[in-house]
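Novice: Those sequence lines, one after another, are chains A and B. Residue 353 in this note's numbering is what sits at position 364 of the first sequence, and the numbering runs on without skipping anything. Residue 39 in this note's numbering is what sits at position 50 of the second sequence, and the numbering runs on without skipping anything.
The reader is advised that the hints may include incorrect statements.
Repeated chains share a single entry, so a pair holds when one copy, or any two copies, can fit it.
Below, in silico cross-link-like pairs of lysine to aspartate or glutamate (EDC-like), each with a Cα-Cα straight-line distance of 16 angstroms or less [what the hints assert, rightly or not]:
1) 184 <-> 198
2) 305 <-> 82
3) 129 <-> 94
4) 306 <-> 82
5) 305 <-> 288
6) 306 <-> 332
7) -6 <-> 226
8) 184 <-> 50
9) 129 <-> 331
10) 177 <-> 382
11) 9 <-> 352
12) 258 <-> 375
13) 177 <-> 0
14) 177 <-> 226
15) 369 <-> -1
16) 282 <-> 50
17) 135 <-> 279
18) 231 <-> 382
19) 282 <-> 71
20) 258 <-> 382
21) 231 <-> 279
22) 177 <-> 332
23) 177 <-> -1
Don't read these hints as lab results, they were simulated from the structure.
Number of protein chains: 2
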Amino acid sequence: MTFVKPFLPEEFRRRVQDVKQRMEQAGLELLICQDPANMGWLTGYDAWSFQYPQAVLLHLDLDMPIWVGRLVDVACAQVTTDLPAQNIVSYSDHLVHHPQLHPYDDLCELIKSRGWSSATIAVELDAHYYTARAHQHLMKGLPEAKFRDSLGLVNWARLIKSDAELVYMREAAQIVSNTMREVISNLKPGLPQYKVAAEVYASQICGLDGAYGDYTSACPLIQFGENTNAPHLTWTDKPLPKSGLVLLELAAARRHYHAPLARTVHIGKPPCEVERLADVIVEGVDAVLEIAKPGVVVEEVDGVWQRILRRNGYSKKGRSGYSIGINYPPDWNERTVSIRAEDKTVLQAGMCFHFQSGVRLNEFGAAISESFVVTQGGGKRLTDVDRRLIVLD
Amino acid sequence: MTFVKPFLPEEFRRRVQDVKQRMEQAGLELLICQDPANMGWLTGYDAWSFQYPQAVLLHLDLDMPIWVGRLVDVACAQVTTDLPAQNIVSYSDHLVHHPQLHPYDDLCELIKSRGWSSATIAVELDAHYYTARAHQHLMKGLPEAKFRDSLGLVNWARLIKSDAELVYMREAAQIVSNTMREVISNLKPGLPQYKVAAEVYASQICGLDGAYGDYTSACPLIQFGENTNAPHLTWTDKPLPKSGLVLLELAAARRHYHAPLARTVHIGKPPCEVERLADVIVEGVDAVLEIAKPGVVVEEVDGVWQRILRRNGYSKKGRSGYSIGINYPPDWNERTVSIRAEDKTVLQAGMCFHFQSGVRLNEFGAAISESFVVTQGGGKRLTDVDRRLIVLD
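So here's chain A without its partners, still in its complex pose:
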């Protein structure tokens, strides 16, 4: 089998050990992960199968996790993980999309057969694919268990990246930087929006220097004209304007590690108010990168940014950034640290963030974002695209 695993077995062992310690501290015996990023981080499992119920189970008594999924995906688990055969378990296929039964009925039987039916069990209550119905079947099938919210236990364990993970983060950042430059250099009036999207996909997958890219957790976001403050629309066949703003928010992924990046382009001479907003955003992100050192509290980072916006007459509602790392659709957000007021997380070296820095005014929006890693010297940019409003004449 020629599949190259993204990490050595030691890395997965260390992660499992770390998570078991966190479980012990939290008084948990069994953890059920449904978040595909958590499943992948703990075991290496990597397949587009998260549209079906599946899980990775970790019990304090186990050396290695147990993968549970569809029969058709057993081969994917065999290829992508180091799990021994007895730790790869499939549920009956007739349980899929069944009006009364559910794949988690089989999961309950597995848990009972291991003698864990009265365990303290943590589930990922707010993970994207952990549906209310899955939880009901689990609670009904294991009436003696004590269920708790994992509160993102594995997401939090993922927060500080290992050296091996940082290699992928940097490669992803190099790819997205290259894609951003390529795409911007090809923008011209009349080019339909969907052609820009097609170019992004081709470039982010072809990658750079022999390092290909994976699918990213969200589609390329490309807005222009009246829609620069409606950032999540699907592309259309609308042609790029002769003059005006183009907003690009893209990512690239290496072995599912994501580096997002946003840039603002103006075709033709930009109006003063666009230039001014862009300058303030760059100034704000500069200040953020300077302060983002180990020991600093996250809300202080947001404070620096907000003060610069306010001093210039702008404001941004909501958070200005979030932690990043391994992820799967539909989101490249790690769902732990939010760079915003009230977030008391203390920065540590190796944490990675996307400082989104998008500011939307009534008439238009702009964003000049960075993916960065926290270092002793401050936030070190992973990406390397010019940090300014890019003007195409």
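Following the hints, complete the assembly by docking chain B onto the known chain A.
Specialist: Chain B in isolation, oriented as in the chain A frame:
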């Protein structure tokens, strides 16, 4: 605003009317949809925002649904729907990824403010993004409400496609047929797997005859070598072999309406057992298309297929197909009808299916699938790629 809505207002009104009738028959007063395909089908709402809590609410007393989502996506709702301003409601951004609070807390307040706090409310208990935690917040915030599972009420309402929807289904099918032909014609030994993936994305987005494609609900699935029975792996940089099987399962999407398609290619002269399996699959799908007429029960369609497999010494566990239509990541499956034993749905004209027809043996797998629409004359193929094992010399 130059955004072209995919359907006329009448189409959305008809859908809302149909769903309200189904709600009345089911004894429901309020329906909360979180499935992005259901949200889009009812209102036109179209944005990559499903990684955050959001919903479309429909109450029997309302003429039009209410959209609820993040502040940043209000503009997307304004652009893509016909909803009046008072039916577009945002929740407070600080509720996002908050350890104690949840955006559905605001949703509860909205429901109370409308006087619906003791209503019989259907939620989509098993929709991908309807998390167990969202449901807990809803139940806690509305203690007098009677909660019921919608049991896919809107998914079932989507089952028979309108003429306007069939236009997009056919366009999507033409795009994926073109993509499949293009990709196959460029396959050659040594080509890295990721380059095939990049080509698929570029082709399925560039579309055909001026009809561009949207993002599809799953990534292209491209397997070869030892991995043809591990169908959901991410691509790698492994080169195509000098000789051997290549399996492709792709889709294209027009205004989010999906047509999936699988083909099996053999580079070099195929072994007899591969040819034989492919021939049997084609024979089986032929028989399926012939029988798939209005009035036929779905399990009979599966029976025809299974008998042809068995007669030739093969078998396939699990279902052989599923209904298709509008969808969003991570799944192009409509999650209603499954072509398998026990499914008693009676076929009606305008239903669309992907007959997946993949058969995995111990050593290899093959699939020659079709997307089709049920007509009086039988299952009419939407796609038009040669239905045979494709041999590249």
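Novice: Using 16 angstroms as the alpha-carbon threshold, which applies to residue 282 and residue 50: within, between, both, or neither?
Specialist: neither (38 angstroms within a copy, 55 angstroms between copies)
Novice: How do residue 177 and residue -1 come out at 16 angstroms by Cα distance, when the copy is not named: within, between, both, or neither?
Specialist: neither (49 angstroms within a copy, 37 angstroms between copies)
Novice: Between copies, within a copy, both or neither: which fits residue 177 and residue 332 at Cα up to 16 angstroms?
Specialist: Intra 41 angstroms, inter 53 angstroms, cutoff 16 angstroms: neither.
Novice: With identical chains treated as interchangeable, where does the CA-CA distance between residue 9 and residue 352 reach 16 angstroms or less: within a copy, between copies, both, or neither?
Specialist: neither (50 angstroms within a copy, 37 angstroms between copies)
Novice: Checking an output row: residue 305 and residue 288, CA cutoff 16 angstroms. Within, between, both or neither?
Specialist: within (14 angstroms within a copy, 55 angstroms between copies)
Novice: For the identical chains here, do residue 129 and residue 94 meet the 16 angstroms Cα criterion within one copy, between copies, both, or neither?
Specialist: Answer is within: at 9 angstroms inside a copy they meet the 16 angstroms cutoff, but 26 angstroms across does not.
Novice: My question is about residue 282 and residue 71: at a cut-off of 16 angstroms on alpha-carbon distance, are they close within one copy, between copies, both, or neither?
Specialist: Intra 36 angstroms, inter 47 angstroms, cutoff 16 angstroms: neither.
Novice: Is it within a copy, between copies, both, or neither that the alpha carbon of residue 177 lies no farther than 16 angstroms from that of residue 382?
Specialist: Intra 9 angstroms, inter 41 angstroms, cutoff 16 angstroms: intra-copy only.
Novice: Tell me, please, which holds for residue 129 and residue 331 at an alpha-carbon limit of 16 angstroms: within, between, both or neither?
Specialist: For residue 129 and residue 331, the Cα distance exceeds 16 angstroms both inside one copy (37 angstroms) and across copies (25 angstroms).
Novice: Is it within, between, both or neither when you check residue 184 against residue 198 at 16 angstroms Cα-Cα?
Specialist: between (24 angstroms within a copy, 14 angstroms between copies)
Novice: When no copy is specified for residue 231 and residue 382, does a C-alpha distance of 16 angstroms or less occur within a copy, between copies, both, or neither?
Specialist: Cα proximity of residue 231 and residue 382: one copy only (10 angstroms, versus 48 angstroms across).
Novice: How would you classify residue 258 and residue 375 at a CA-CA limit of 16 angstroms: within, between, both, or neither?
Specialist: For residue 258 and residue 375, neither the intra-copy (18 angstroms) nor the inter-copy (52 angstroms) Cα distance is at most 16 angstroms.
The structure fails hints 8, 9, 11, 12, 13, 15, 16, 17, 19, 21, 22 and 23 (numbered hints given earlier, in ascending order).
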